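Residue numbers (my numbering), protein chains in the order written: chain F, 1 to 317; chain P, 1 to 554.
Do not take every clue at face value.
[Stated by the list, open to error] With the Cβ distance kept under 8 angstroms, some of the chain P side facing chain F (calculated, not the full set):
hint, residue
1, 227
2, 260
3, 431
[Unchecked claim] Chain P is nowhere near these chain F residues, computed Cβ spacing over 10 angstroms in every case:
hint, residue
4, 111
5, 137
6, 155
Just so you know, the hints here were simulated from the structure itself, not pulled from any lab data. Computed from a predicted model, the values in this text were never measured in an experiment. By construction, the Cβ of each residue, glycine as well, lies at the ideal position given by its N, Cα and C atoms.
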Amino acid sequence: MTAHYLLRRALGLLATLLAASLAIYGGLFLAPGDPATLLVGGGKPPNPALLAEIHRQYHLDDPFLTRYWHWLTGMLHGDAGTSLAHHDSVAHLIGSRIGTTALLIAYASTLILLVGTALGTLAGLRGGRTATAVTAATGTLMAVPTFVSAVLLIWLFAVRLGWLPAYGTGDGLADRLRHLTLPALALAASWLAYVAQVTRSAVHTEQGSEHVQTARGRGIPERLVIRRHVLRNASGPILSVAGVSVAGLIAGSSVIEQTFGLNGVGALLVQSAARQDLAVVQALALLTVTAFALVNTAVDVATAALDHRTPIGGARP
Amino acid sequence: MHAPRRPAATRRPAAPAVAAAAAALLVLSACGSSAAPGSGKPAELTEFTPAATGQLDRVTWNLPTGEPLSLDPARVGDYSPSTVVSNLCDPLLRLHADYTYGPGLATAWTWTDPTTLVLDLREDVKFWDGNPMTSADAVASLERQQDPATRSANADALRNVTAIEADGPHRVTVRFKQPDQLFVKALTNGFGAVSEASYLAKAGADYGTPGGGLMCTGPYRLGEWRAGESIGITRAGTYWDTALQPKVKELTFRFITDGSTLTGALLSGEVDGSYEINTATARALAHSSAGTLYRGASAQTVFLTPTGPDSPLADPRTIRALQLVLDRDALIRNVYDGAARKLKTFVPALVWQHDPAAATYTAGYDALPPAPAVDLDRAREILAGAPGGRTDITVAVAAGDQQSLQTLTFLQDAARKIGLNVRIKQLQPAELSGLFYDPALRRGLDAVIVLGYVELPDPSSYVQQMTDPGSPFNWAGYRDDTVTAALGEARAATDPARAADAFNRAQAAFVEDLPIVPIAAPDERMFLNRRISGAPATFAYVNMPWAAYLGGTR
Numbered sequence: 001m002t003a004h005y006l007l008r009r010a011l012g013l014l015a016t017l018l019a020a021s022l023a024i025y026g027g028l029f030l031a032p033g034d035p036a037t038l039l040v041g042g043g044k045p046p047n048p049a050l051l052a053e054i055h056r057q058y059h060l061d062d063p064f065l066t067r068y069w070h071w072l073t074g075m076l077h078g079d080a081g082t083s084l085a086h087h088d089s090v091a092h093l094i095g096s097r098i099g100t101t102a103l104l105i106a107y108a109s110t111l112i113l114l115v116g117t118a119l120g121t122l123a124g125l126r127g128g129r130t131a132t133a134v135t136a137a138t139g140t141l142m143a144v145p146t147f148v149s150a151v152l153l154i155w156l157f158a159v160r161l162g163w164l165p166a167y168g169t170g171d172g173l174a175d176r177l178r179h180l181t182l183p184a185l186a187l188a189a190s191w192l193a194y195v196a197q198v199t200r201s202a203v204h205t206e207q208g209s210e211h212v213q214t215a216r217g218r219g220i221p222e223r224l225v226i227r228r229h230v231l232r233n234a235s236g237p238i239l240s241v242a243g244v245s246v247a248g249l250i251a252g253s254s255v256i257e258q259t260f261g262l263n264g265v266g267a268l269l270v271q272s273a274a275r276q277d278l279a280v281v282q283a284l285a286l287l288t289v290t291a292f293a294l295v296n297t298a299v300d301v302a303t304a305a306l307d308h309r310t311p312i313g314g315a316r317p
Numbered sequence: 001m002h003a004p005r006r007p008a009a010t011r012r013p014a015a016p017a018v019a020a021a022a023a024a025l026l027v028l029s030a031c032g033s034s035a036a037p038g039s040g041k042p043a044e045l046t047e048f049t050p051a052a053t054g055q056l057d058r059v060t061w062n063l064p065t066g067e068p069l070s071l072d073p074a075r076v077g078d079y080s081p082s083t084v085v086s087n088l089c090d091p092l093l094r095l096h097a098d099y100t101y102g103p104g105l106a107t108a109w110t111w112t113d114p115t116t117l118v119l120d121l122r123e124d125v126k127f128w129d130g131n132p133m134t135s136a137d138a139v140a141s142l143e144r145q146q147d148p149a150t151r152s153a154n155a156d157a158l159r160n161v162t163a164i165e166a167d168g169p170h171r172v173t174v175r176f177k178q179p180d181q182l183f184v185k186a187l188t189n190g191f192g193a194v195s196e197a198s199y200l201a202k203a204g205a206d207y208g209t210p211g212g213g214l215m216c217t218g219p220y221r222l223g224e225w226r227a228g229e230s231i232g233i234t235r236a237g238t239y240w241d242t243a244l245q246p247k248v249k250e251l252t253f254r255f256i257t258d259g260s261t262l263t264g265a266l267l268s269g270e271v272d273g274s275y276e277i278n279t280a281t282a283r284a285l286a287h288s289s290a291g292t293l294y295r296g297a298s299a300q301t302v303f304l305t306p307t308g309p310d311s312p313l314a315d316p317r318t319i320r321a322l323q324l325v326l327d328r329d330a331l332i333r334n335v336y337d338g339a340a341r342k343l344k345t346f347v348p349a350l351v352w353q354h355d356p357a358a359a360t361y362t363a364g365y366d367a368l369p370p371a372p373a374v375d376l377d378r379a380r381e382i383l384a385g386a387p388g389g390r391t392d393i394t395v396a397v398a399a400g401d402q403q404s405l406q407t408l409t410f411l412q413d414a415a416r417k418i419g420l421n422v423r424i425k426q427l428q429p430a431e432l433s434g435l436f437y438d439p440a441l442r443r444g445l446d447a448v449i450v451l452g453y454v455e456l457p458d459p460s461s462y463v464q465q466m467t468d469p470g471s472p473f474n475w476a477g478y479r480d481d482t483v484t485a486a487l488g489e490a491r492a493a494t495d496p497a498r499a500a501d502a503f504n505r506a507q508a509a510f511v512e513d514l515p516i517v518p519i520a521a522p523d524e525r526m527f528l529n530r531r532i533s534g535a536p537a538t539f540a541y542v543n544m545p546w547a548a549y550l551g552g553t554r
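Please build the complete structure, drawing on both the sequences and the hints.
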């Protein structure tokens, strides 16, 4: 059952990747502009021979299908191509940056899952003023765009208080975590608020449900009621939302990395898209699609494991 | 051209409006009401920041236009790579802070006849690896730029060259088809930089990349280049110029392109300094105790140019009308906080102000009609004389270039008063830089706002790119034989006064009918943390070893 399900998901992912690669390649191919001109230093008198040389070196004049085929066969042989702008292999460019992005997303996810669910549970269980305060605070967080929270965080913690660095990646794990704290906070803020609100409402609903009332009526200690009945049953929606938020972090990391001067794949994607550096954009887009699919699959499997009423992969006819 | 420096090319590509809004927010929170826009006082320009007094181990510097794509001196010609390479690779002639030039690796440059140039090289110069620099290295460095595979940014300077020969171990002879002074001036930038011949041969196409490295003679040598992260440069063991010994042991370049992040990093002292500070950041830094914001003369220029002969702007009458409605004083006050000058043409004065023939250039400039004041009636009158013209004008601007965008908003507002509808079109970097070379990308556009800089200490070559009928940047098909002839004469003239005179004749003619709207010449704005000082504050930094002047303040 699970094996069959995973196989189905894997095939679906492959088809998605193929379609996405064609769409992205086509989109960039059709985008107006000549990436070669960006390589010519400073807009000096354009030397046609110079531009022709760049076009020749990077096969920029080949027809679309030839170029796509060239890329696809390379990819199947494990060669993701060469970056036009960086004069380096795409695999090396991504390899040297993916650690930063992975750490940032892991950091932000941890914040979302721990702080978000804790706040939500607290509000859901306590109700009253606590719930109002949490709802108000998270409502505000949700409304503040990421780049604004980034600016405010930098101003407060880097400029005013001088506690944390304003930009950059750092060396060694401790220093890197220190450097990633502000970016992770900025990245996590609105998702954290979202998860907190969903948690609050799920816990609140479960609190009033019949089986919880029954459990309480049977005299089961409150601690156990909350753990076994409230939280376990509320975990379904919380987990789905958390899954979506982690997937959202992958996309959101581009803006944050660019803002905080982090040397990750998100910033690389933004810069490469602007330079029409096809091979890099293509590889990163496919990586993002894969990450999305993997996170979603993981959430599905986890949901099923937590609640045996949910069949894996959704209800079958 | 240094002109159509693709403004966008290296500028921040992402979420520009958003970042600017955020920067404004930071400014407000950082300095309260003291940063009222338009408080620009009459500018006091600095040539050199106060001389450094102490040695320092480490300085962090920012490159606001992002990471260089290559540090091969033959290929550089843009803010970021030039800022770095000018400290690594000495050129044959050296540019000074006032835009004059003098001896560099070459002690003398002599025209033995109108088409033969002899360069005498210093005999005491060593590359970082300890090997002596000889004429063979200079010849190899120049000659490789004739090969299209080198992708030299300055190949045009070789247009009239027929031969480059080593004439003894420290003498190079260059032969020309016809007299060409531009070649000498081009020797002041990456074009004239000398790399070690054997190293060039070994590195091949990787020269100037993180993997291939560099081998030059400058005061600093290339340290660790961590792609996407930082570039380190380290003080070279011995430097031939005894008068210019670097005081900072190591410099680390960072690539913060986001204005608000840079503001935070400069205020917190994480980054020590940066050239090319924009208005929003300058406002936040102006009253900071973290360091000093300096303003220097610049060779940068902002203008509007038509993209084709069918553009309404190709008609000099439309140009004149636009000049009459655009309130440039207000624009400079609001967009640049006063840190820009109003010009009669589009060539910034720094380029010729200290030339040996400065008096001639000044006389020529003073004789031009004054920059027009706002006069709506006169503008309407002029437009009425141009019947059947289109009233819609689409102007391209680099997405993310906030200052140019604000400038266009000003123009849009002004043009509406005389019935012209300016549509602003933001273009992505590859699209914007592409339009300078590819007519197909200029379709649907009528004009582009250009932020350019005159890199060489030579006004004529810059103007030539916009006026010469054969120039690929003369999109409107401008043709004036007087201008073409005079500029050709200026390029050939050995005597600076004759060159200046020829330029003046051309200038007097092209200001009449060249379809270009000069907007402003922005000043150079740079910031230094209070612990450092000494660097030049003028735009000449792009091609001079500015970091060698830098040092501690105690």
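Hint-by-hint comparison with the structure:
For the restraint placing residue 227(P) at the interface with chain F, the shortest Cβ-Cβ distance is roughly 7 angstroms, inside the 8 angstroms limit, so the hint holds. Hint on residue 260(P) holds. Least Cβ distance to chain F is approximately 5 angstroms, under the 8 angstroms limit. Taking 8 angstroms as the C-beta cut-off, the interface hint given for residue 431(P) holds, the closest approach to chain F being about 4 angstroms. Every CB of chain P is more than 10 angstroms from the CB of residue 111(F) (nearest about 21 angstroms), matching its label as outside the interface.
The beta carbon of residue 137(F) is kept farther than 10 angstroms from every beta carbon of chain P, the shortest such distance being approximately 20 angstroms. Against chain P, the non-interface label of residue 155(F) is violated: not every CB pair exceeds 10 angstroms, the least being about 6 angstroms.
When held up to the earlier numbered hints, the structure conflicts with hint 6 and nothing else.
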